[in-house]
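**Q** Okay, here's what each chain looks like letter by letter:
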Amino acid sequence: MRYYQGLIKRKFKDVVGSKYESIQKEYSDYILTEEEMRPREIKTILLPLDFSVTEVSESICELLSAYENATVTLIFITDAQISEIIMASLDKEAGEEFIQKKEDYGTRLLDDYEHCLNSRSIPCMRRMFLGNKQQDILKIAPDFDLVVLPKCYASNHPDSCAVSGDAILLAQSLTQPTIVF
Amino acid sequence: MKILVLLDGSMWSHKGALYALRIAQEKKTEVVLFSVLDKRDSKSMAFNFCTQSDMCSRIENYESQIWRDMRKNINDEMAQVLLFFNREKISTTSKIVEGSASEEIIREAESNGYGLIVMGAYGRNPRSSGNSLFPKLINKLQVPVFMAR
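Which chain is which? The protein sequence lines are R and L, in order. Each step along the first sequence adds one to the number in our numbering, with nothing skipped, and position 28 is 28. Each step along the second sequence adds one to the number in our numbering, with nothing skipped, and position 46 is 46.
Note that these hints are calculated values from the structure, not bench results. Mixed in with the good hints, there may be bad ones.
[Claimed, not checked] Computed cross-link-like contacts, BS3-like style, restricted to lysine-lysine with a CA-CA straight-line distance of at most 30 Å:
hint : chain 1 : residue 1 : chain 2 : residue 2
1    : L       : K136      : L       : K72
2    : R       : K11       : L       : K72
3    : R       : K25       : R       : K11
4    : R       : K25       : L       : K27
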């Protein structure tokens, strides 16, 4: 890759031969190999959604249209732990009502995002399930080339949230490129 | 949509530039390469060197030498990346400013109508840790941030 070779030549212009190899080995935490430097081909995109997302971001749909032939998987997760607490502290009916309300909201949100993406010819898949908003994303994410994360993802206070702790933690823990919006 | 690419000298930020290039090619957008020189970096490098090497009598010399090298290095880097982007027919400009990285980036991002900010996921830190700038930026910015890995 021309860009990579130029960069290495500039950064290590006073280093020759095997010395560079030993530096690369010793400082591998800071140096990318040529293979690692190559941007991923973005074919699969994960877009997690939840109750904290109050509106569709047209600008994100527009941005994702840059990845021709990529498929976006929309995932809406309802917090299983909260529904269990409601069931335990109130009753089963209250817990089921909680889940139903969240899933109704999720269905509308997924519809809106699907429309936003499809209108730009971006194919979509959708999933909705009860689970752990953070752990499940960490488990699923390795199957995708790019993760696109709402800033207040998993926040319990979306109205007053600037960015959620879960969004920061996920963005820093994932191993694939991530867009936070 | 205009893209702001944050270059901090790390290879991750260069990888970010390559991701930005692809988006810019596809969306036919303008790119601004942006770098912040922070005097505190040269100060801390000089201080660490002097305290580790027991040669603190020349700390001011170290600091000014490091500062000169940082300036030269980022100017050279910018020029090369700019050349590369222009060869790829992407309308690109570059800016180097002095100050606090988070403050200058937020100022730039908010005042010039960007649609995306691209940065390396690890900055100049080892890949085992995150980019310490990210939480500060994402807390303030209204623009999507792309973290390159």
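**Q** Evaluate each hint against the coordinates.
**A** Going through the hints against the structure:
no.	hint	verdict
1	L:K136 / L:K72	27 Å, holds
2	R:K11 / L:K72	12 Å, holds
3	R:K25 / R:K11	16 Å, holds
4	R:K25 / L:K27	38 Å, violated
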